[in-house]
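Engineer: Keeping their order, the protein sequence lines are chains A and B. Following our numbering, the numbering of the first sequence begins with 1 at its first residue and continues without gaps. Following our numbering, the numbering of the second sequence begins with 1001 at its first residue and continues without gaps.
Each hint should be verified, as a subset may be incorrect.
Unchecked claim - Chain A regions said to be covered by chain B (calculated; three or more residues, Cβ under 8 Å):
| # | region |
| --- | --- |
| 1 | 44–54 |
| 2 | 95–109 |
| 3 | 282–295 |
To be verified - Dumping the calculated DSSO-like pairs for lysine-lysine here, alpha-carbon to alpha-carbon at most 27 Å:
| # | chain 1 | residue 1 | chain 2 | residue 2 |
| --- | --- | --- | --- | --- |
| 4 | B | Lys1021 | A | Lys356 |
| 5 | A | Lys70 | B | Lys1326 |
| 6 | B | Lys1112 | A | Lys134 |
| 7 | A | Lys265 | A | Lys356 |
| 8 | B | Lys1021 | A | Lys28 |
| 9 | B | Lys1295 | A | Lys134 |
| 10 | B | Lys1056 | B | Lys1112 |
Simulated from the structure, these hints should not be mistaken for laboratory data. From a predicted model like this one, the values you see are computed outputs, not experimental measurements. All C-beta atoms, glycine included, are put in the ideal place defined by N, C-alpha and C.
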Amino acid sequence: MERTNTPTGETLYRKDLPNGLTCFILPKPQFLRTYGVLSTHYGSLDSRFRAPGGGVVDVPSGIAHFLEHKLFEEEGGNVFGRFAAWGASVNAFTSYTQTSYLFSTTENWEDCLIQLMEFVNAPYLTTENVEKEKGIIVQELQMYADHPDHRIHTLLLENMYHEHPVRLDIGGTVDSVQAITVEDLFRCYNTFYQPGNMALAVVGDVDPERTLQLIEENYPIWGQGQGAIERFYPAEPPKVKDPWVEEERPISQPRYLLGFKHEPKWQGEDLLRQQIIMSLGMRLLAGRSSLSYGDLYEANLITDSFGASFNAEPGYAYSVIGSETRDPDALHARLTTIIDGLKTGNVSSSDVERLKRQLYGAHLASYESFEYTANRLISHHFRGTPYHNYVDLLQGVTPAEVQEALAEHLDWDHSTISILRPVKTDD
Amino acid sequence: MRFTQRELGKGMRLHLCETDKFKSLTCKVFIRQDLQAKNATSTALLPLLLRRGSQKFPSTLHIARELEDLYAAEFGVDILKIGEQQILELYMQMVDPSLVPQGERLLERGLKAFWEICTQPQGPSDRFMDSYFEQEKSTLEQELKGLVNDKNSYALARFVALMCANEPFGIYKSGDLENLRQLENRDVYGHYQTLLAKHPIDIFCVGPNLDEVARLFTSLIPSHDHTIELELPQTIQVTEERFFEETMNFNQAVLVMGYRTNCSYRDKDYYALLVGNGVLGGFAHSKLFMNVREKASLAYSVGSHIEGSKGLLTITAGISDDQQEKALAIIGEQVSACQAGQISADELEQTKRGLISAMTSLHDSPTGIIDRNLIGVVEGEMRTIDQVVDAIRRVEYDDCVRVMEKIQLDTTYILRPGDSQNTIDEKGSNHGEN
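Assemble the whole structure, with the sequences as input and the hints as a guide.
Structural biologist: The structure is reproduced here in structure tokens:
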């Protein structure tokens, strides 16, 4: 097993099994809970692909999330009861790029781990149970659609991207969900749930050798072919689709979201470095310690909800900056000046050094969360970014690099704005 | 993971849990008062005002830069409601100083900054800075109006206000717009000074090196002369079932049902109630999830929970608008099944294990270790995790059925998709009850 030390002085173990599965084990002495997560490198973006030895396939959007729901089902019921018998909880989530199944328990963690590996490897899909699930998923889509934060984000991505599937909701649309068939689900399952496309992480007071042995002895045998999966994404123009959209919603005050689209040109260590540089840049632009936060708050143009983030994967990259606001147009005007100033002005070294200290402290603290740590290990593994180099890369960032990255990224020709306004009433 | 207590004066206690398990030091200060509409609103302004600046760190920017220098220390101020008490929570978490360069100076610097920001707000000696006060009044106004933005929170808040209209429990934890308009800077400041000087204060710390933390707190905090006694919640009998329906411009309906349990943290049967609720709707194996979601596909989210101080059981579900009657019927059947004793040995055992696991898991999080004690502080009887686990283990089938038989439906509330004009009115208190 490969060992690395975390910045908090813990030891992380990693092993790639002969069947292709990557395993991470992080022992946590004194802790009572054990957390395990099994993930496939398969998310909502993967709707056009070539399976090993097959032709190119197109499937309706929303299948990764649909499978996430269905794998809990087994003949005659669902798997919740088995975990409940140990007092354990079991859950799952789907993102643009991965689907994860997890348990958390204080008892029988070995049984939980075996069950997790088994149920994820035993799909039970029938025409009847697939049709029934559509009702639940449509309720879930509507629940999210009613949420203003979710809505404005969706609106922004729909208008930033012409073709790339990042513009679609992770769960798909009501229509695409209705179109999904048992055959589609199996086709995606058989392609993406091969062990070579998956990773498993266990965090808790566990013995690493014993844990690995347990995985090796109990991971179900994959009865089908394995091999490289080719994923296809539509050609995406560099410019945004629509620079400004507005919508009325039943909300108390307007919301404003500004997005900048970037060509996804980073891979591996460069991508991780870019994520760190932009975390610093976004804090300089909109963090609590930025001048803009204080000024805009004093001017009553933003609320506590003001913030900015940068999101990048090998296939897409964008940032968002936004807030609830009484006056989206005035906020936009002020932000324009602030952004132009930041692009051309000098990013101060003392600000960058202080923010590096903050990111370092936050990185140390993040190891306290089992969920965050396990999920981060897996998502960086799938993304191909060397997470163990995080602290070294952070220490190496210079103010000039942050300045340069902001100047390049904050390009008005690649920006788009979404605004939600309260529904007008007649009185 | 036990706390040891030290008195810091009349009505002020320090609870210390020394451990090297975590990579952090966590402190929470709870200041309690009876829920009253005027004071509730006044108290709800404090989190907003305190984050604006102190004598030493005069603006949000100064505070933020100090926190960044302290390696991502976190400060927070929040409002909680347990039973019929409102609680002002002051929160600090910082990375274990021994993990960072020159950490030995960090602890004192962090605690001093925390206490200074929480107790020495920016402004003249008798009030908050006027411009901060006016601006944060409008921030709170927006927050109260902004409840409509999250229909689940909105539905719950409306439900509680309607069901408990004549009880302190019906007061929203952040007060209301009518009281907000009348608040004066000096009064809010005076109220805060009273809270600090006269109300019960409990300080919880989890982390390493707590002797030093205790020494620092003792030197920072002036002597406390608490005189105010707080009340425990009223028990109300259900006289008739009530039904309320409101509309808002959304896709999906939210259903909330409130039961009086006639049982609370103070009762011997309290842990049987937790188990009964767990069988009904606390878990993915529970009756509500299995029947409303898995069998009938009527909802994505459905569940129930207990408010242990007031003794309420609340069921919530997000449902499609045209399925309202069917959902009500199936939910009613699940409650009746529990009351009729249709609880299998598996359901009982799984629920007890689930509750014990959730309770034990709290040992793994500093905030979990602290927060679970809050109800004990409010009710005047703190219980250790071992005591609670033991009490849950001892719950038998008969206890569970007996306690579920006593629950009575009081209020059903449904927020339906429809014309939203009525519900976004700014008074927040005179929505139509059809």
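Engineer: None of the hints should be skipped; say for each whether it holds.
Structural biologist: Going down the list of hints, with the structure as the test:
| no. | hint | verdict |
| --- | --- | --- |
| 1 | 44–54 | violated (count 0) |
| 2 | 95–109 | holds (count 4) |
| 3 | 282–295 | holds (count 7) |
| 4 | B:Lys1021 <-> A:Lys356 | holds, 26 Å |
| 5 | A:Lys70 <-> B:Lys1326 | holds, 24 Å |
| 6 | B:Lys1112 <-> A:Lys134 | violated, 55 Å |
| 7 | A:Lys265 <-> A:Lys356 | holds, 24 Å |
| 8 | B:Lys1021 <-> A:Lys28 | holds, 9 Å |
| 9 | B:Lys1295 <-> A:Lys134 | holds, 13 Å |
| 10 | B:Lys1056 <-> B:Lys1112 | holds, 11 Å |
This entry does not satisfy hints 1, 6, going by the numbered hints stated previously.
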